[in-house]
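**Student:** Here is how the chains run, residue by residue.
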Amino acid sequence: MADARKDWSFHGGVHLDDHKAESTGQPVRRLPIPDRLTLPLHQHIGLSAEPVVRVGDLVKKGQLVAQASDYVSASIHAPTSGRVVGIGPQAVPHPSGLYDACIVIESDGKDAWTDLPEPMTDYATLPTADLRERIRWAGIVGLGGAAFPTAVKVNTSGQRPIDTLVINAAECEPYITCDDMLMREQAADVVEGIGILRHLVGARQCLIGIEDNKPEAAEALRQALSTKADTGTEVVVIPTLYPSGGEKQLIRLLTGREVPSHGLPAAVGVLCQNVATAVAVADAVLRGRPLIERVITVTGRGVRQPGNFRVAIGSAADFVIAQSGGYSDAVRQLILGGPMMGFAMQHDQVPVTKATNCLLAAAQDEVPAHPAERPCIRCGECVKVCPAQLLPQQIFWHARAHDFDKAQDYHLFDCIECGCCAYVCPAHIPLVHYYRFAKTEIWAQEREREKSDLARRRHEARVARIERLEQERKARLRQKKEALEQKSGESAADPKKAAIEAAMRRVAAKKAAQPPEPETPGGE
Amino acid sequence: MQFATGSSPHLAGPQSVTRVMALVLLALVPGTLAMLWYFGWGLLINLAIAVITAVVAEAAILLLRGRPVAATLIDLSAVVTAWLLALALPPLLPWWQTVLGTTFAIVIAKQLFGGIGFNPFNPAMAGYVLLLVSFPVTMTRWLPPEVLSGNLPSLADSLHMIFSGTPPAGQTWDVISGATPLDQMRTELSQNRMISEIHKSPLWGDFGGRGWEWVGNWFLLGGLFMIWRRVISWRIPASMLGALLLVAGLFWAIDPETHPFPAFHLFSGGAILGAFFIATDPVSASTTPRGQLIYGALIGVLVFIIRTWGGYPDAVAFSVLLLNMAAPTIDYYTQPRIFGQRKSNDA
Ligand code: SF4
Ligand code: SF4
Chain Y
1 MADARKDWSF HGGVHLDDHK AESTGQPVRR LPIPDRLTLP LHQHIGLSAE
51 PVVRVGDLVK KGQLVAQASD YVSASIHAPT SGRVVGIGPQ AVPHPSGLYD
101 ACIVIESDGK DAWTDLPEPM TDYATLPTAD LRERIRWAGI VGLGGAAFPT
151 AVKVNTSGQR PIDTLVINAA ECEPYITCDD MLMREQAADV VEGIGILRHL
201 VGARQCLIGI EDNKPEAAEA LRQALSTKAD TGTEVVVIPT LYPSGGEKQL
251 IRLLTGREVP SHGLPAAVGV LCQNVATAVA VADAVLRGRP LIERVITVTG
301 RGVRQPGNFR VAIGSAADFV IAQSGGYSDA VRQLILGGPM MGFAMQHDQV
351 PVTKATNCLL AAAQDEVPAH PAERPCIRCG ECVKVCPAQL LPQQIFWHAR
401 AHDFDKAQDY HLFDCIECGC CAYVCPAHIP LVHYYRFAKT EIWAQERERE
451 KSDLARRRHE ARVARIERLE QERKARLRQK KEALEQKSGE SAADPKKAAI
501 EAAMRRVAAK KAAQPPEPET PGGE
Chain R
1001 MQFATGSSPH LAGPQSVTRV MALVLLALVP GTLAMLWYFG WGLLINLAIA
1051 VITAVVAEAA ILLLRGRPVA ATLIDLSAVV TAWLLALALP PLLPWWQTVL
1101 GTTFAIVIAK QLFGGIGFNP FNPAMAGYVL LLVSFPVTMT RWLPPEVLSG
1151 NLPSLADSLH MIFSGTPPAG QTWDVISGAT PLDQMRTELS QNRMISEIHK
1201 SPLWGDFGGR GWEWVGNWFL LGGLFMIWRR VISWRIPASM LGALLLVAGL
1251 FWAIDPETHP FPAFHLFSGG AILGAFFIAT DPVSASTTPR GQLIYGALIG
1301 VLVFIIRTWG GYPDAVAFSV LLLNMAAPTI DYYTQPRIFG QRKSNDA
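So the protein sequences, as listed, match chains Y and R. Counting from 1, one number per residue, gives the positions in the first sequence under my numbering. Counting from 1001, one number per residue, gives the positions in the second sequence under my numbering.
A couple of the hints might just be wrong.
Claimed, not checked - One side of the interface only, derived from the structure: several residues of chain R facing chain Y at Cβ under 10 Å:
{"#": "1", "residue": "Leu1011"}
{"#": "2", "residue": "Ser1016"}
{"#": "3", "residue": "Thr1138"}
{"#": "4", "residue": "Thr1140"}
{"#": "5", "residue": "Gln1184"}
{"#": "6", "residue": "Gln1191"}
{"#": "7", "residue": "Val1231"}
{"#": "8", "residue": "Pro1282"}
{"#": "9", "residue": "Thr1308"}
What the hints assert, rightly or not - Using 20 Å as the maximum straight-line C-alpha spacing, the simulated SDA-like pairs for lysine to any residue come out as follows:
{"#": "10", "chain 1": "Y", "residue 1": "Lys384", "chain 2": "R", "residue 2": "Arg1229"}
{"#": "11", "chain 1": "Y", "residue 1": "Lys406", "chain 2": "R", "residue 2": "Gln1335"}
{"#": "12", "chain 1": "Y", "residue 1": "Lys228", "chain 2": "Y", "residue 2": "Leu286"}
{"#": "13", "chain 1": "Y", "residue 1": "Lys384", "chain 2": "R", "residue 2": "Trp1096"}
{"#": "14", "chain 1": "Y", "residue 1": "Lys60", "chain 2": "Y", "residue 2": "Lys20"}
{"#": "15", "chain 1": "Y", "residue 1": "Lys439", "chain 2": "Y", "residue 2": "Lys60"}
{"#": "16", "chain 1": "Y", "residue 1": "Lys20", "chain 2": "R", "residue 2": "Ala1012"}
{"#": "17", "chain 1": "Y", "residue 1": "Lys384", "chain 2": "R", "residue 2": "Pro1014"}
{"#": "18", "chain 1": "Y", "residue 1": "Lys384", "chain 2": "Y", "residue 2": "Trp8"}
{"#": "19", "chain 1": "Y", "residue 1": "Lys384", "chain 2": "R", "residue 2": "Pro1289"}
Hints in this document: simulated from the structure, not taken from any laboratory. Bear in mind that the values here come from a model prediction, so they are computed numbers and not experimental data. Beta carbons: idealized from backbone N, C-alpha and C, even for Gly.
All chains, full assembly: derive it from the sequences and hints.
**Tutor:** What follows is the structure, encoded as structure tokens:
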């Protein structure tokens, strides 16, 4: 069955120099814990976590310091023991040098653990809700860079049943090797994590997608799998082609299934998780540990000793780089993430977060300055490489003209911002930049529209209320008038008839005065 | 420490517009050499006049528009336009007509629309059509290929004719010039002559006009080179030539005495050059994969229609310009299915 699996491909993609060898020469090294740790409250997709400590509190390693504030949110734990010295805005990893709320902890140097919850080694016999709760407690988010809360992602109840767990071990971005090293060194933990995840969602099979430039990692996984009597989990080696690690691209490569546009993998019966996330899940479930550290790649010719390091979340980037050997003279840019999708930081006084997989200190020749932008010559190179099968030049054309409706007609929101189009564009147009701009503008417009919608609804409600009051007032007035008329007309021809008519009018007027039917006062 | 910023992707591939255009020029070399061989110095002189005019005109307009001059000229697109136009001009065209056509191509058809990337029409073909309708006599005064005449005008004679606009002393235009095979075919067919008779004329080679057929082959080679280097896709040339062959073949099959053999259409006149180098001009062509097939095929069909029933002997320029107008619409209705979109909800 497994052998009959067909090799699929996805449209487009680009071949890039992988630059992986630079950082895989040494085993992962644990860096010391810095004196200060800065924990952003918002380092995941969803709402910010809510602090549960106050300035001055003493905390232990692994202690909850901020609680998930919503279903889609993630808790944060102290990466070491020490004292909370501040809760407030600090520089966070963001392309525009944003400040955001953080908890700052000063280490006491003891690194003393708090009491951890019991390991759930018998997880297969436990209710899945308990396992999800543990993952939620541990604050685990997707460690491939997306940082979506894992407890939410694995809650697939109410969706189509999941038959396949896809483990994303492609690591298709150049330079980044943290997953590669993790698999080489902790293959057994990966396999344990997979076991838990499969149990959680009831996946009949698991496919681990790994690019063919990581033979050691693939071999380590195969070894680990052969010692566990794990059936239905398979290591699938895929060709090295960026962006094979895009969630939808990888699912297509491994299963041939196409996740619908604007849909989730669950729509085709798939759950996709990153390898490092699987290890974090194993840590939480089998060892009762929250997510307080991760492996990151520090690389590029801008650092003296490229390699992979296990760092406490909240360590500052400058600390990490200094500890790992420091900058070389060649450094020009500091990129958080890879060279295709990562973002360039203005400075290095930002903390490593759960989502940080790489610090790329790049030299001039590694990431050359963008050549001047020239007009689009409509050559269609971008179309050939777009893995989302879009027409990037058309989206660009309309985004540049601020014609956002047209940009959406050309499926702007299906763009995964992989950067393949900009990479091949002979006119050197920063296409992705235009797409981000268009998306931000559209979101802003939508927020505006929602606001004005709300205002309009309020206004309409108010108009309706005034109208109703006015009708009621008129109705009362008429009633009075009729009562007067009635008196003056009493002496007229047929008093009996007149009395009946008056009574009828009164009934009608009374009815009219009732608010639900203001349009028919007097029944005219 | 402060670092340089910039938006992702931080990597850029090796391509540039200059490189693309340089590859196009390179691909034009074999066919151009073949034309020089068959038609002599005149073509080279035209080429020089056109290229110089194009560069000067583009530089002047860029200065006027306050745009960077060197950065734009270096993209070589003006040279490509001039080159293509020169290949389409009769070798002994008076110099000022070449200047006029090139200036029109660069200034009106390209820069007035906003420069490279914004021109809805292929500039070279716009220049060509302007000249054709303005100067029908000089624009149809071709030289017979060398294989027929045995002696091409010398460099001095060519210069004399181009710059004075008169034939050398003691000669007349009728002696020097000759009709193109397409022209000849039209004229004779209109005199109700049969293809089998027309074919006896020394103008005909193995599968097209003599000389012309080989020029076509060399341009084909350049075209294939561009497809190999992924400068152009195969879609437009294949669909254009395919459609031309198909329609021509259909009419030929019905009545081979009044319709020339399909290969004649391919290897006489500008069909090959047009299919690989002109219809594929990315700026003015269709850009979606399906759109390119439709765009190319329609050009092919139009070429046949205009050649057979229209008022002009060759039709590539008109057909390309007409389809340039339709390209945006074709693109809109041929958007490819995007990833994760079902076939049924295709717009
Ligand atoms: S690759 Fe660049 S120049 Fe070519 S069509 Fe796309 S956006 Fe335009
Ligand atoms: S960035 Fe968007 S448009 Fe460009 S190739 Fe990637 S998915 Fe396509």
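**Student:** Against each hint, give a clear statement of whether it holds in the structure.
**Tutor:** Evaluation of the provided hints:
1. Leu1011: 5 Å, holds
2. Ser1016: Holds. Min distance 5 Å.
3. Thr1138: 33 Å, violated
4. Thr1140: Hint violated; Thr1140(R) Cβ to chain Y Cβ min 33 Å, cut 10 Å.
5. Gln1184: Violated, because the Cβ-Cβ distance from Gln1184(R) to chain Y comes to roughly 38 Å (cut-off 10 Å).
6. Gln1191: 45 Å, violated
7. Val1231: At 8 Å from the nearest chain Y Cβ, Val1231(R) passes the 10 Å test, so the hint holds.
8. Pro1282: Since the shortest Cβ distance to chain Y is 4 Å, the answer is holds.
9. Thr1308: 31 Å, violated
10. Lys384(Y) - Arg1229(R): 14 Å, holds
11. Lys406(Y) - Gln1335(R): 13 Å, holds
12. Lys228(Y) - Leu286(Y): Holds - the C-alpha atoms of Leu286(Y) and Lys228(Y) are around 16 Å apart, at most 20 Å.
13. Lys384(Y) - Trp1096(R): 42 Å, violated
14. Lys60(Y) - Lys20(Y): 37 Å, violated
15. Lys439(Y) - Lys60(Y): 42 Å, violated
16. Lys20(Y) - Ala1012(R): 18 Å, holds
17. Lys384(Y) - Pro1014(R): 16 Å, holds
18. Lys384(Y) - Trp8(Y): 18 Å, holds
19. Lys384(Y) - Pro1289(R): Holds: Lys384(Y) and Pro1289(R) sit about 9 Å apart, inside 20 Å.
In the structure shown, a violation is registered for the earlier hints numbered 3, 4, 5, 6, 9, 13, 14 and 15, in ascending order.
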